[in-house]
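Using the sequences and the hints given, assemble the complete structure.
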Amino acid sequence: MDIRTFDDCDASRRPVAALVSRHPHAEHIPAHSHARAQLIHTLTGVMTVLSVSGSWVVPPGRALWMPAETEHQIRIAGDVDMRTLFIAPHARDTLPRGCEVIEVSPLLREAIVAATAIALDYRDGGRDQRVMELILDEIELAPRLQLHVPLPRHPALLRQCEYMIAHPAEPVTLDSLALALRVSGRTVARLFEREVGMGFGDWRRRLCLLLSMPRLAAGASILEVALEHGYDSPSAFSAMFRRALGVSPTEYLASKY
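Mind the numbering: the sequence shown is residues 1 to 257 in UniProt numbering, read in order.
Don't read these hints as lab results, they were simulated from the structure.
Only a predicted model underlies this, so the values are computations on that prediction, with no experimental measurement involved.
Among the hints, erroneous ones may be present.
Label pairs and their computed distance ranges (CB to CB) [claimed, not checked]: (1) Pro143 - Thr250: 18 to 28 Å; (2) Met198 - Pro143: 13 to 23 Å; (3) Ala156 - Gln73: 23 to 33 Å; (4) Gly98 - Ala244: 34 to 44 Å; (5) His25 - Leu223: 12 to 22 Å; (6) Gly199 - Gln129: 45 to 55 Å; (7) Arg97 - Asp8: 23 to 33 Å; (8) Arg144 - Arg22: 19 to 29 Å; (9) Ala156 - Ala244: 42 to 52 Å; (10) Ala156 - Gly219: 12 to 22 Å.
Beta carbons are placed, not taken as given, at the ideal position from N, Cα and C, and that holds for glycine.
Structure representation (C-alpha cells):
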C-alpha cells in the first residue's frame, strides 16, 4: 500500500503530487508553509485558511490555491475529507500567483481522486502524466470564487477588523468604527476602500457570510448562525446568503459532486 506524507509530496521529483488526509471537527493545523504550491480540496466539511493577507473559507466541492512558501494555518469545521495537490513552481507559468478559492468541476474532482492513486515517481509520457496535465488545465480554467475576507495593513483598522471577526454579533457601524478610531466616518470609508478594496458594508456582509459557513458545517441551525452574526431572523440571514451565492445556506453546503 502506498503510504505518503506531506513531506513526501513536497519533495517529489515530479511536477504534481497528490495526498489524501482526514481531519476531525475542531482540529487546528498550525502555521506552516510548503516549498510547493498547493491546491487544497475538501469533499466534506469546511476549512478556514488564514494567512497574513486574509482569510479564505473552503466549503465542500471547492478548493483553495495556496502559492509556494506562503505561511498559513487551517481551522477545521465538521469532519474534513481533504485532497491536496502539491504543484512544483516550475509546473506552469500560467497558474495563479495569489491565494484563490476555485470551483471544482466534476472533471477536476475525478482527476484529483485519480491523482491520489498515482505513484509519486510516475513516468513521463504515460497516462499518469496526462492525468496530472489535465489537472493543471482544469485549475487554469476553473471559475474563481469570492470567498475571501481581505484584512487591512493599517494597524488600528486591523485591530478593529480582528475584533469584528471575534465578535460578529456586535452591531458595528461606520459611525461607531469612526468613533473607535477617532476619525470621521468619511475618513473610515476611504480607509476601508484603500486598504481592503471594498466598502465597509460589503466587507461586513462578506465577513458574516464566510464566518457562518464553518458554523453551519459544524451542525449549528440557521437560527443560531443568524443570531450569532447580528441578524434578527433566519430568513434575513438566508436572504443575504442567497443574494451573495445564489442558493440557500443548506443548499450551498450540500452541493458537492
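Here is how each hint holds up against the structure:
Pro143 and Thr250 have their C-beta atoms about 22 Å apart, which keeps the hinted 18 to 28 Å range intact. With their beta carbons about 20 Å apart, Met198 and Pro143 fall inside the hinted range of 13 to 23 Å. The given range of 23 to 33 Å is respected by Ala156 and Gln73, whose C-beta atoms sit roughly 24 Å from each other. Distance hint for Gly98 and Ala244: a CB-CB separation of about 21 Å, inconsistent with the stated range 34 to 44 Å.
Checked against the hint of 12 to 22 Å, the C-beta distance between His25 and Leu223 comes to roughly 21 Å, which is consistent with it. Roughly 47 Å separates the CB atoms of Gly199 and Gln129, a value that falls within the hinted 45 to 55 Å. For the hinted restraint 23 to 33 Å between Arg97 and Asp8, the CB-CB distance of approximately 26 Å keeps it satisfied. Here the CB-CB span from Arg144 to Arg22 is close to 27 Å, well matched to the stated 19 to 29 Å.
The beta-carbon spacing between Ala156 and Ala244, approximately 28 Å, falls outside the hinted interval of 42 to 52 Å. In this structure, Ala156 and Gly219 break the distance hint of 12 to 22 Å, their C-beta atoms being roughly 37 Å apart.
The earlier numbered hints that this structure contradicts are 4, 9 and 10.
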